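The task is simple: from the sequences and hints, build the whole structure.
Residue numbers (the numbering used here), protein chains in the order written: chain C, 52 to 197; chain Z, 52 to 197.
Read the hints as simulated data drawn from the structure, not as lab findings. Misleading hints may appear alongside valid ones.
Heads up, the list lumps identical chains together, so a pair's fine if it works in one copy or across two of them.
As the list claims (entries may be wrong) - Keeping only pairs whose Cα atoms sit at most 20 Å apart, straight-line, the calculated SDA-like set for lysine to any residue is:
(1) Lys-82 to Pro-100
(2) Lys-82 to Thr-155
(3) Lys-82 to Pro-107
(4) Lys-82 to Leu-195
(5) Lys-82 to Leu-163
(6) Lys-82 to Ala-106
(7) Lys-82 to His-102
(8) Lys-82 to Arg-165
(9) Lys-82 to Glu-196
(10) Lys-82 to Ala-101
Keep in mind that this is a model prediction, so the values were computed, not measured.
2 protein chains.
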Amino acid sequence: MERTPAPDWIVHDGPDAHCFGCGHRNPHGLKLAFRPCGEGAVESFYTAPAHHAGAPGVVHGGIQATLLDEILGMAVHGALDDRNLSIVTVDFNLRYRRPAPTETRLHLRGRLLRREGRDFFVEGEIASEDGAVLTTAEARWRALER
Amino acid sequence: MERTPAPDWIVHDGPDAHCFGCGHRNPHGLKLAFRPCGEGAVESFYTAPAHHAGAPGVVHGGIQATLLDEILGMAVHGALDDRNLSIVTVDFNLRYRRPAPTETRLHLRGRLLRREGRDFFVEGEIASEDGAVLTTAEARWRALER
Numbered sequence: 052m053e054r055t056p057a058p059d060w061i062v063h064d065g066p067d068a069h070c071f072g073c074g075h076r077n078p079h080g081l082k083l084a085f086r087p088c089g090e091g092a093v094e095s096f097y098t099a100p101a102h103h104a105g106a107p108g109v110v111h112g113g114i115q116a117t118l119l120d121e122i123l124g125m126a127v128h129g130a131l132d133d134r135n136l137s138i139v140t141v142d143f144n145l146r147y148r149r150p151a152p153t154e155t156r157l158h159l160r161g162r163l164l165r166r167e168g169r170d171f172f173v174e175g176e177i178a179s180e181d182g183a184v185l186t187t188a189e190a191r192w193r194a195l196e197r
Numbered sequence: 052m053e054r055t056p057a058p059d060w061i062v063h064d065g066p067d068a069h070c071f072g073c074g075h076r077n078p079h080g081l082k083l084a085f086r087p088c089g090e091g092a093v094e095s096f097y098t099a100p101a102h103h104a105g106a107p108g109v110v111h112g113g114i115q116a117t118l119l120d121e122i123l124g125m126a127v128h129g130a131l132d133d134r135n136l137s138i139v140t141v142d143f144n145l146r147y148r149r150p151a152p153t154e155t156r157l158h159l160r161g162r163l164l165r166r167e168g169r170d171f172f173v174e175g176e177i178a179s180e181d182g183a184v185l186t187t188a189e190a191r192w193r194a195l196e197r
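What follows is the structure, given as structure tokens:
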């Protein structure tokens with residue numbers, strides 16, 4: 052009898068999964084799920100409802116930041132070798148290049164660039180499904196003792 | 052008979068006020084209100100509910116970005132001299148210095164630094180009510196023809 056293969060998707064749905072970005076127990080959150088997409092890289096998809104708009108039909112810059120903060124954090128998590136460390140965003144730089152539409156599936160990608168001690172440097176983007184890059188971000192995360 | 056003084060607070064509650072950050076017609080939004088606080092500067096207050104947390108008890112970095120994007124945009128709005136221009140965020144750089152707690156009133160401040168043609172440079176911060184600076188941001192906004 053074959054084993055069921057491990058699912059590709061990383062879903063945070065445990066009892067403490069209340070994070071606004073990825074907690075599947077938070078009814079008000081974005082409930083993102085993630086999957087690896089190459090060495091040090093992760094991806095996700097999100098379709099923003101109309102109530103996440105800033106200007107009509109355009110995803111609010113803060114919701115875009117939420118999406119990018121999540122995908123970049125997941126890229127760091129993949130590189131963590133010590134479960135007693137937690138990670139926090141230190142610097143987060145975004146560039147809004149084209150409007151990101153609501154009610155349209157967006158593709159999120161994040162990747163680890165390098166690690167320097169407890170600091171992790173990552174980059175990522177929000178793209179349309181046809182591959183147009185809409186918003187890009189770079190960030191520095193830091194691992195802290197719990 | 053004295054006139055009623057103009058209210059200090061700027062509240063977006065018109066029929067199109069659906070912005071996730073400041074639209075008072077958006078039941079899922081933050082419903083921020085703003086008031087001037089000196090030359091080129093604006094302020095606001097926000098108490099994040101528990102469901103806006105990333106790590107437990109700490110406001111998600113993306114919700115903090117929403118708060119800062121809003122207060123910085125309002126600082127630009129105050130300097131706009133042409134109602135046929137709309138404004139968009141171009142670059143947005145955040146630095147997370149200390150955890151911003153949920154369920155605690157936070158003080159948001161934004162100010163215009165300078166204008167270069169259609170580009171507006173602004174800075175702002177999230178602070179605790181006792182004045183500790185928690186998160187800082189700088190941004191470049193651009194005015195576009197409608």
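We went through each hint and held it up to the structure:
1. Lys-82 to Pro-100: both (13 Å within a copy, 17 Å between copies)
2. Lys-82 to Thr-155: Only inside one copy: Lys-82 and Thr-155 sit 16 Å apart there, 24 Å across copies, limit 20 Å.
3. Lys-82 to Pro-107: For Lys-82 and Pro-107, the Cα distance is within 20 Å only across copies (16 Å; inside one copy 23 Å).
4. Lys-82 to Leu-195: neither (25 Å within a copy, 33 Å between copies)
5. Lys-82 to Leu-163: neither (22 Å within a copy, 35 Å between copies)
6. Lys-82 to Ala-106: For Lys-82 and Ala-106, only the inter-copy Cα distance (15 Å) is at most 20 Å; the intra-copy one is 23 Å.
7. Lys-82 to His-102: Classified as both; 15 Å inside a copy, 12 Å across copies.
8. Lys-82 to Arg-165: neither (28 Å within a copy, 39 Å between copies)
9. Lys-82 to Glu-196: neither (27 Å within a copy, 36 Å between copies)
10. Lys-82 to Ala-101: both (16 Å within a copy, 16 Å between copies)
Checked against the numbered hints above, the structure breaks hints 4, 5, 8, 9 and satisfies the rest.
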